[in-house]
Structures are given as structure tokens and as C-alpha cells.
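Work the whole structure out from these sequences, hints included.
Chains A and B, in that order, give the protein sequences.
Each number in this note's numbering comes from the position in the first sequence (counting from 1) with 5 added on.
Each number in this note's numbering comes from the position in the second sequence (counting from 1) with 5 added on.
Calculated from the structure, these hints are not laboratory results.
There may be inaccurate statements among the hints.
Identical copies look the same in the list; a pair holds intra-copy or inter-copy alike.
Cut-off 16 Å, straight-line C-alpha distance, at most; resulting in silico cross-link-like pairs (EDC-like, lysine to aspartate or glutamate) [to be verified]:
hint: 1; residue 1: K110; residue 2: D86
hint: 2; residue 1: K7; residue 2: E44
hint: 3; residue 1: K30; residue 2: E137
hint: 4; residue 1: K125; residue 2: E61
hint: 5; residue 1: K94; residue 2: D43
hint: 6; residue 1: K30; residue 2: D47
hint: 7; residue 1: K200; residue 2: E109
hint: 8; residue 1: K125; residue 2: E26
hint: 9; residue 1: K104; residue 2: D176
hint: 10; residue 1: K112; residue 2: D176
hint: 11; residue 1: K173; residue 2: E189
hint: 12; residue 1: K110; residue 2: D176
hint: 13; residue 1: K112; residue 2: E25
2 protein chains.
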Amino acid sequence: MKSINSLGKIILASKSPRREEILSKINLNFEIAPSNIDEKLDAKLNPIAYVQDCAEKKAHKVSLDYKENYIIGADTVVVFDNQILGKPKDKLESYSMLKMLSGEKHKVFTGVSIQNYSKKTSQSFYCLTTVELNTLSDELISFYIEKHKPFDKAGSYGIQDWFSSQVKSIDVCYYNVMGLPLSELFKRLLILVNK
Amino acid sequence: MKSINSLGKIILASKSPRREEILSKINLNFEIAPSNIDEKLDAKLNPIAYVQDCAEKKAHKVSLDYKENYIIGADTVVVFDNQILGKPKDKLESYSMLKMLSGEKHKVFTGVSIQNYSKKTSQSFYCLTTVELNTLSDELISFYIEKHKPFDKAGSYGIQDWFSSQVKSIDVCYYNVMGLPLSELFKRLLILVNK
Chain A
6 MKSINSLGKI ILASKSPRRE EILSKINLNF EIAPSNIDEK LDAKLNPIAY
56 VQDCAEKKAH KVSLDYKENY IIGADTVVVF DNQILGKPKD KLESYSMLKM
106 LSGEKHKVFT GVSIQNYSKK TSQSFYCLTT VELNTLSDEL ISFYIEKHKP
156 FDKAGSYGIQ DWFSSQVKSI DVCYYNVMGL PLSELFKRLL ILVNK
Chain B
6 MKSINSLGKI ILASKSPRRE EILSKINLNF EIAPSNIDEK LDAKLNPIAY
56 VQDCAEKKAH KVSLDYKENY IIGADTVVVF DNQILGKPKD KLESYSMLKM
106 LSGEKHKVFT GVSIQNYSKK TSQSFYCLTT VELNTLSDEL ISFYIEKHKP
156 FDKAGSYGIQ DWFSSQVKSI DVCYYNVMGL PLSELFKRLL ILVNK
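Have a look at this one:
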């Protein structure tokens, strides 16, 4: 069996420190090259199409600068009551997102794209995880926003930080909620290696 | 609302670095005092009774040295096919556990006990999470055991290390599998504060 590191250096097209942390868990040989694509959210889009489309755009843009490497792009959104929640733009939006999610179940979609420009290969997939939160008091919400400033996180929370104490249950994949469904990604990289 | 830190310094009756990491997420004022209780596993016991009993024993022993403090004890086991799996004693047992769990669903039980000797309070609870693993090749299992030496972990894997790449799905609580169901613990500490 060949190691996934025989794919050569992989490029993570993301500036998310959570995604970097996740890839580091499997000792992947990778470097970071954010796509800096403007993530304009059309809330009417189907979230499955949206996250995959966004992941593909990020990976594609970066692949033009790293034509020989495999590129991983990813995008995560939170969906509640048929509404897509991206990153909150300020404290007020952060508060309103967390108030809405309090005590309820919501869905987290992460789309992933794996591309290699020279090899003319591109594939994408998504992972869906349901998250149920504890009931959050106004004081807890305010404390969290002031202290943890979750403005770079879809849905306005980070499942790996203090907010982990407010997650009642998750169903399917913790790392999907954190930003990158590692187990499915690992399987797909392993298939690429052994092709 | 009072902060859970108004409970004073909490004592974690565990030497698990994973449990320490989990409590650190919520900025809890705590210190570590392992109970060093001999975890003799009677595989015929009901796992729910077993983990709570074990958590209580650990917390009780430490409470005798810290009579004024709240003590947290915890114990985690993996259950597959009605068999309780504790920590593997060597490479061979580690291999046989992972081979057994490969491609299947198993259950992880964590029992938690919160005690305060002076206040004569003691409560315990448990959390159950179902984990499904990818199919693991013999090479992957051997690689993992050699590289990560999972001998201090129930079921022979750490959900937060390289092995995270082999977890297909979990249902309920990631931190339960890691060793301490944080969300339920947080709720109970908050109730104690506001009593």
C-alpha cells in the first residue's frame, strides 16, 4: 500500500486554521495557498450545489498557480430553516444567528473539491452533519461573541473552541462541522494514490 | 448568571491528557490529581453501571485529599458485540481490537462523577455515542499501532489523532469518545453554580 504522501505536496486552497489543523492530523505533506475568492452567498442556492461549487472555484483558482500539484478546496455553510448561514458580518448578525440556532437542530454542509490541473482530474463531494445545540442564554451568547469573536466561522460558532460545551449532539462527522470531512477525504486520496 | 468558575478550583481525577484538553476548552479553573485506581475490568458487567461505578470510585478517592473542592471523575469504555474493550495491554491485543472494530459500528460509553466531600454531594451520569469506522487494511492497522502506540486508549484508538481519518461517522458526542462528554458536564456544573 502506498502512503497518501506519494501524491506529492498537496495544496490546501484555504486560509482556515481549522482546516490546516485537520490535515496536520494525518501528517499530510501540504502547504497553504488561500484562493482569496470572494465568497458571495446567494442564500437561495441549494446548499449542496453551493458548497461544492464554491469548493471547486477555490481549488480551480489555486490550481492555475500550482499546475503539477493536487489541490484541495473546501467550503462550509450552516443551514437552518432552509436558510444558508455563512460568516456573520458583525456582532449583531452573530447574535441573531446564535439566538436562532439555540436549542435547535441545524445542518452543516461541507463541500470538498480535489483537482490536479496537469492530470486533468477534478472531483468533488459533500458531507452533511446535523448538530443540536443546548439552549443558549443571552448571557452565554454575548459572552461567546465578546470573548471568541466568531466572525470567520459559518453559523457564528467554532465546534472546537469554547462553544464545544454547547453542542448537545452531532450526527455524522465532527470534522465536517470543523470545516473538512477528513475520513471521506482520506479515502478519496488513498484511491488516487493507488490508481 | 454566575460563571462556572465560581465553583472554585475543580479537581480532575484523571491522568488522561485528552480530558485535560477538553476541560481547557472552557477555561475552567482546574488542576489534575489522578486517582491511580487499578481499572480492573470485569467484561461481564453492564457497561453503563461499569463506567459510572469506575468514575465514582476515582472521584471518591481523590475527594478524600481535596475535601473542599468539586472533583470530576470519568471512565470510558468501548463496547462491541456485547464485549467491553478497555485499554489494550500490548500490540497483539491492540491489533485484534482494531481488526474487530474495522468497518463496523461500536458503542463508546463514558461515565462521569461529580463529587464534593464537604458539601456531601455526589452525582453521576453517562453518555453513549455510536462510532462507525472505515474498513481498515492490515497495513493501516499496523502503521497506526507502530506510529501512535494507542495502549492508553479504550478500544485502542484516539479519535483526535491520526485515527480521526478512519472514523466514518459518530452519533451524539465527539468529546464523549475523546473521554469526557463536555456539553452535559457543562450543563451540570452550571446547575451547581446557580443552585
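Hints, verified against the model:
{"no.": "1", "hint": "K110 <-> D86", "result": "within (10 Å within a copy, 31 Å between copies)"}
{"no.": "2", "hint": "K7 <-> E44", "result": "neither (36 Å within a copy, 39 Å between copies)"}
{"no.": "3", "hint": "K30 <-> E137", "result": "neither (26 Å within a copy, 19 Å between copies)"}
{"no.": "4", "hint": "K125 <-> E61", "result": "within (14 Å within a copy, 59 Å between copies)"}
{"no.": "5", "hint": "K94 <-> D43", "result": "within (14 Å within a copy, 52 Å between copies)"}
{"no.": "6", "hint": "K30 <-> D47", "result": "neither (33 Å within a copy, 34 Å between copies)"}
{"no.": "7", "hint": "K200 <-> E109", "result": "neither (43 Å within a copy, 26 Å between copies)"}
{"no.": "8", "hint": "K125 <-> E26", "result": "neither (28 Å within a copy, 43 Å between copies)"}
{"no.": "9", "hint": "K104 <-> D176", "result": "neither (21 Å within a copy, 24 Å between copies)"}
{"no.": "10", "hint": "K112 <-> D176", "result": "both (10 Å within a copy, 14 Å between copies)"}
{"no.": "11", "hint": "K173 <-> E189", "result": "between (24 Å within a copy, 7 Å between copies)"}
{"no.": "12", "hint": "K110 <-> D176", "result": "both (10 Å within a copy, 14 Å between copies)"}
{"no.": "13", "hint": "K112 <-> E25", "result": "neither (23 Å within a copy, 29 Å between copies)"}
Of the hints listed earlier, those the structure fails to meet are numbers 2, 3, 6, 7, 8, 9 and 13, in rising order.
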